[in-house]
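K.L.:
Here's the letter readout for the chains.
Protein chains: 2
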Amino acid sequence: MKLQSLRLIINSVRKFINMGAYTRLWNMTKKLHAVDIASLMDHLIFREKIILFKVLNEKEKRKAAEVISELEPQDAAEILKELPVEQIASCFHLTPSDDVPPVLQYLPEELRDSVLAKMGEKPSEEIKGLLHYEEETAGRIMSQDFYALNQNTNVSDAITAMQLEGEVESAFYLYVVDDENHLVGVVSIRQLLFARPNSKLKDIMNTDLITVNTKTDQEEVARKVADYNLVAIPVLDKENNLLGVVTVDDVIDVLDQEATEDIYKMVSLDTSDRIQDTPFKSIKKRLPFLLFSLLTASLSPFVVNYFKATIEQAVTLAVFMPLVAALGGISGNQTIALMVREIATGQTDWLSSRKALAKEIIVGLGNGIFIGFVIAFISYFLIGNIYIGIILGGAIIINLFVAASLGTLIPLLLRLLHLDPALGSVNLLTMCTDTIGILSFLGLGTLFLNYIS
Amino acid sequence: MKLQSLRLIINSVRKFINMGAYTRLWNMTKKLHAVDIASLMDHLIFREKIILFKVLNEKEKRKAAEVISELEPQDAAEILKELPVEQIASCFHLTPSDDVPPVLQYLPEELRDSVLAKMGEKPSEEIKGLLHYEEETAGRIMSQDFYALNQNTNVSDAITAMQLEGEVESAFYLYVVDDENHLVGVVSIRQLLFARPNSKLKDIMNTDLITVNTKTDQEEVARKVADYNLVAIPVLDKENNLLGVVTVDDVIDVLDQEATEDIYKMVSLDTSDRIQDTPFKSIKKRLPFLLFSLLTASLSPFVVNYFKATIEQAVTLAVFMPLVAALGGISGNQTIALMVREIATGQTDWLSSRKALAKEIIVGLGNGIFIGFVIAFISYFLIGNIYIGIILGGAIIINLFVAASLGTLIPLLLRLLHLDPALGSVNLLTMCTDTIGILSFLGLGTLFLNYIS
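These protein sequence lines are chains A and B, in that order. One gets this note's numbering by counting positions in the first sequence from 1 and adding 540 to each. One gets this note's numbering by counting positions in the second sequence from 1 and adding 540 to each.
Only chain A is shown next, with the shape it has when bound in the complex (with noise of 0.2 Å):
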């Protein structure tokens, strides 16, 4: 929805909640995707939210549910905590199984109890299990609604069989097992269309199946689907049962979460921390990095501290000193920005691992030589003094050396422990090139101090 049209119907839902003509407010919103009736509520205030919802509920309960899986959870169990037990309840059977978790997590677990004991046993079984699974594993993103049918059944009564089991949200394939439950081949709902009536399933079925685990991490879940151009990957257990399907929208949902922590968590940042919060939230969650911060940023004052004498004879030095620190930090970003989209998005193993080391320490030697000598040449115009530009060009010499070597070893070192490899890595490298790179400018300075000072 355009932003012109979206401010245009916040404003007339805000008339008709503050007139009261509810009939007008759902004639305008039954025109909308449950997508852009979630976005429009962002920008309402509470009470409004609350209003739109009772309405939509009152007259549409699909489309109710439906905005429901749309809104963030917590945003979406904040609505509905207005409502009584019986309603959530009955909106929770019309909305798809996977969404239901997530909301949930976010009601008071009184409530969420008696929600729970209102569904009826199957779906309040179901729902509970989904919750059983890690969270960020493909059991808590996966969906139970899906077709299934046996391998021996034929290809019109598979079609009588679904359409039986009713409308199941964005499946593209019937997925075939055998008598022990088993999943042994996939058909897509196009072959069925094509195929003969009295084919049977396992006859037309393609058994080249791509799945995954319950316990696979979500980003290696949505890594499959994108790498084998899949719409959807079924989910199976230790016994090769099928227990549910992961789908493309989910998948994209995975990898837009995929990316922004990986810029989030290269600068530091929370990554739940959104432009959204209170200042308050955001200080809090912001302020213990950036204390962790400045015990990192503090190791360059101690340095700096200990060639106070050089600087004292030559305040030059002071002069270049952040020039120095200011290039390492800009060129080992680049290599750090190269490793964490390389780890997130490919196949890096030791071996290409270790070529990469070796080309970006190259990289940085070359790049380091050439803006070494322009740098020499320049303060050497400006100045006049040979020894500063040899003193300036060789700590930057040594600082991009180091910068390279540290912005591909940073992100390898936080994976091989099993972190986040983007986690901190540009203030760690920071605080590194800082410290370096003032280290070696210094203590050139330092060697060279009777032809500067």
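Hints may be right or wrong, so weigh each one.
Intra- or inter-copy, both count: the list cannot distinguish identical chains.
[As the list claims (entries may be wrong)] The calculated BS3-like cross-link candidates involving lysine-lysine, where the alpha carbons are at most 27 Å apart (straight line), are:
#1 K589 x K899
#2 K742 x K571
#3 K570 x K742
#4 K571 x K764
#5 K824 x K899
Read the hints as simulated data drawn from the structure, not as lab findings.
Dock chain B against chain A, hints included.
P.N.:
Leaving out everything else, chain B in the frame of chain A:
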């Protein structure tokens, strides 16, 4: 494919190629998915790639074409160049139409023309048509393979027509057009399966269409598919004629590419820079940016130079200078990361931008005051001079305020100038926080000079 098994397969493939055991090579690779063959090729030398591809192309043309789709366009072109023109043309016939133009671009012009001539008029016109659209638009990434039928067709005729048209890669929808070929609705293939054979398409179609046009930026296309949970989106011309579809697998590639670009552009890295490039290529790509950074990073030495007399009298100031600069950069980078992802994934208009700016400024000031006091306290403790603490704390409060403001404003201003909001943002910010941080620190130092020297 797991890395261990990939390693094993690479070794066998190499062995078979060196032995000239092409039947065993084919027996080994025919079981692999085209995606895996493509990623296997990344690890082979050029001569091996060519042999493997020629074997595939001889044994199973469709699989060879699938591998071409999965390879990076440059790599695919380099392999195809080694084949006779007729074989390239017949390979392109089997490749989805949206995957052909990117590969064609990398073929030498003469070869490209003879391949197109060999392909026959219709396909070659179609492909030339795609090449007319600008890069990174829906027109360029759309596929021209889709099912579209007139709204008055009944379901059983539609099924027959689709069957006659044959297999269409990843088609999950049948598009419905009126007599003027305008898109009027869409029917999922699942709906066809369940519909009565004599119902007309116009009676069962969904008219709530979400579409893009040929000129829509690929990032906007991807966002729409992601937001509305689609698996394909129709691409229309100005007259609402259906020209193609963009499928979700291409959308995932676009989202991956955009996420990489966000990170790369933040640190001023060329978006085509890759770990696998030769060092020389990377040096050539990164040097211009580093030279530019040298220019921006040279601002702070001028500031320090201006305050040389102050530093001569109070060298302690030089000690803490890097700390003030570093903390500004660290906290500003956080705001930049937030804003870049916010703009990339969400709808940021001027109203929400103003809110974001106000919020980040409060956060910057809040964190600044807290960190400032901590530093003031610690430095007083270490050095015993309360004024050093005041100067340091004050400069940090100023610099974190500046970092928060500019961290929000730089991405917004870049977008206002129709540039990528991430473009060089980290370097621009570091330049500002380094300069303003040092300026305020040494400025305060000069004011209180009598108390600290």
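K.L.:
So, for every hint listed, does it hold in this structure?
P.N.:
Here's how the hints hold up against the structure:
1. Taking CA atoms no more than 27 Å apart as the test, K589 paired with K899 passes between copies only; the shortest distance there is 23 Å, against 55 Å inside one copy.
2. For the homomeric pair K742 and K571, the shortest alpha-carbon distance between copies (19 Å) is at most 27 Å, but the shortest distance inside one copy (43 Å) is not.
3. Taking the shortest Cα distances, K570 and K742 sit within 27 Å of each other only across copies (21 Å), while inside one copy they are farther apart (43 Å).
4. Taking identical chains as interchangeable, the C-alpha atoms of K571 and K764 lie at most 27 Å apart only when they sit on different chains, with a minimum of 18 Å there against 36 Å within one chain.
5. Taking the shortest Cα distances, K824 and K899 sit within 27 Å of each other only across copies (13 Å), while inside one copy they are farther apart (40 Å).
Checked against the numbered hints given earlier, this structure breaks none of them.
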